[in-house]
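Visitor: Sequence:
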Amino acid sequence: MPNQIPEETIEEVRKANDIVDVIGEYVQLKKQGKNYFGLCPFHGEKTPSFSVTQEKQIFHCFGCGKGGNVVTFIMEMEKFSFFEAMEHLASRSGITLPETVKAEGGSLSEENQSILTAYEWLTKLYHHLLRFTKDGKEGFNYFKQRGISEETIDLFQLGFAPNDTSFTAEFLKKKGFHEQVLVKAGLLSLQNDNNITDRFRGRVMFPIRNHLGKTIAFGGRIISNGEPKYLNSSESELFQKGKLLYNFDLAKKHIRNAGEAVLFEGYMDVISAFQAGVKNAIATLGTSLTLNQAKLLKRYVDTVTICYDGDNAGIEATFKASSILKETGCKVKVARLKDGMDPDDYINAYGTESFQNDVIKASETYISFYMRYIKRSYNLSLEDDRFNYIDTILKELAMIDNSIEREYYLGELSKEFDISVDSLKEEMRFYRKDKVQNKDKSEGNRYTNNTNNHYQTKKLLPAFLNAEKQLIAYMLKDRAITDKVQEEIGAAFNIDAHKIIATHLYAFYEEDHPADVSNFIEKLTDQDIKNLVIEIAMIHTDENISDKEINDYLRIIRAETNDIATIKTLKQEQKLAEQQQDSVKSLEIGMRIIAIQKQLKNSK
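Residue numbers (our numbering): 1 to 604.
Take the hints with a grain of salt, since some may be wrong.
List of simulated lysine-lysine pairs, BS3-like, C-alpha gap at most 30 Å [what the hints assert, rightly or not]: (1) 375 x 425; (2) 241 x 46; (3) 15 x 31.
Just the calculated beta-carbon pair ranges, DEER-fashion [what the hints assert, rightly or not]: (4) 387 x 151: 48 to 58 Å; (5) 312 x 357: 17 to 27 Å; (6) 558 x 513: 47 to 57 Å; (7) 20 x 543: 16 to 26 Å; (8) 514 x 132: 47 to 57 Å; (9) 243 x 323: 18 to 28 Å; (10) 20 x 287: 29 to 39 Å; (11) 147 x 249: 19 to 29 Å; (12) 257 x 340: 26 to 36 Å; (13) 403 x 542: 36 to 46 Å; (14) 213 x 132: 15 to 25 Å.
None of these hints come from the bench; they were simulated from the model.
For each residue, glycine too, the CB sits at the ideal point set by N, CA and C.
Using the sequences provided together with the hints, build the complete structure.
Guide: So, in structure tokens, the structure goes:
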């Protein structure tokens, strides 16, 4: 709970973790004016509606309504408790929480926490065996022969599991772990005769870490005879390979800096590429790229370079991956490898400099790859196949919005098949027309989403409601304005939620807190009120607002309050007149009520 940690420590941790930096580790943020915008990590969207303000240290999504400060974000993103979020942020900023502070429960079950601890022990054990023992020499030599340095072995915590059926089981039993839990976690295997054996024996080990750098699974490669060649931990609540990317924890900061991710197929490709200076290297976990993985990448970058094996299987996998990435809105580039090689082979054969310059930096565009890929399906010596190929390419070119890019590839087609660019343009125009019409429809639908409704609703707010929201927005950033409002109207706002916010804000300033909306929302317990405060805090305010403008807001609020009070009084008088069977007086009062209501309606 929040009160377990001293308030000054909470404040120190919060201020040490700039919200733009922290959220930037999860979302690709782009500055627009004073705020930063990106794709919301809490709901699916293709148009950014997720806003972060550095000045106020808060975030708000105009699409799904989620908002908060840096602590709230980590709690939502990681499904952490308050304590776990504080622990994570404190560790991130080099702050030590007081020893007297203890966690009361966590977001992980006791079983999952036990599994994480087991993986942590085994990561250290297997790495130690590889680096410093005779038993691990075979594994160490394997990596050295593959060109992997000791520094890289240490960075990736590569290891070796001895070819012993009970070594791991005995080690973990001595540490107090239950065999059933370890079997469920995929660290041990239950045989048909009910014997429990080591799952990864005789393999070099690749720890698979989550985005926080915690080992949640292993990949093991056999280095002698045996099948399967590669073996992963079984899937579990902690390890779902379709949602993870290998090396993402180490690569994500380099991905942000480069504005690009390089996607590989296997562990060794990533490790070799990382060692070769391609630090933004990640890979799928033995499966094809999934939509979840593509969406994860899109949150971080606009561009993904695919560097799969150069053989037929690799080319087919590249096409599938590029299609999924394009579906999420990523720009795709494709690295070409010679003679059907894989990235690891290429680096060993031609060196790191050639890999960086001649493969990664020389990547071709998606359209160039697509033309090369599709061409394999046609016999271009046949006239009919030539026309079908050209038609297929024109359909793809019609999807490109950039007119210069379209013109370039039309020129390439024109030269290759000796057809005028004008004829190709004329043919493509039909496909382009369909594409534009479909885009217009989707754009029309897009303007009905929550983000745009938010702005439309804002414009249609009644005058008093706008006045109350604007006034609270200024109160959140200026104690002097709050003092004036408290003196003038107290909590006499017309909206109940606004009364609650004002009351909390008066108490917040009376405790001598400086104006700080990020700190203020920590004091609120009602999530709906928190969300409303954040939404109001995102409203644009002028740096220097005049007393006249503040007084105008107060006047509008008072007028609404007075009119509502007057109507209430008149209705009581009308009821009394009806009881006294004074129909003339009742009618007169009714006319006055209608006139005031009409005036209120016109003011809105």
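Visitor: The structure should be examined with respect to each hint, and the outcome stated for every one.
Guide: Cross-check of the supplied hints:
1. Only pairs whose Cα atoms come within 30 Å are accepted, and residue 375 paired with residue 425 is accepted, the gap being roughly 20 Å.
2. A C-alpha spacing of about 24 Å is found between residue 241 and residue 46, which places the hinted pair at or below 30 Å, so the restraint holds.
3. Of the supplied pair hints, the one linking residue 15 and residue 31 holds, its CA atoms being roughly 21 Å apart against a limit of 30 Å.
4. Evaluation of the 48 to 58 Å hint for residue 387 and residue 151 yields a pass: the beta carbon distance comes to about 56 Å.
5. Checked against the given bound of 17 to 27 Å, the beta carbons of residue 312 and residue 357, roughly 26 Å apart, stay inside it.
6. The beta-carbon spacing between residue 558 and residue 513, approximately 28 Å, falls outside the hinted interval of 47 to 57 Å.
7. Evaluation of the 16 to 26 Å hint for residue 20 and residue 543 yields a pass: the beta carbon distance comes to about 21 Å.
8. In this structure, residue 514 and residue 132 meet the distance hint of 47 to 57 Å, their C-beta atoms being roughly 54 Å apart.
9. At about 19 Å, the CB distance of residue 243 to residue 323 agrees with the hint of 18 to 28 Å.
10. Take residue 20 and residue 287: their Cβ atoms lie about 34 Å apart, and the range 29 to 39 Å holds.
11. About 23 Å separates the C-beta atoms of residue 147 and residue 249, a value consistent with the hinted range of 19 to 29 Å.
12. The hint said 26 to 36 Å for the Cβ distance between residue 257 and residue 340, and at roughly 32 Å that hint holds.
13. A hinted range of 36 to 46 Å holds for the C-beta pair residue 403 and residue 542, which are about 41 Å apart.
14. Between residue 213 and residue 132 the C-beta distance comes to about 23 Å, which sits within the given range of 15 to 25 Å.
In this structure, only the earlier hint numbered 6 is contradicted, and the remaining ones agree with it.
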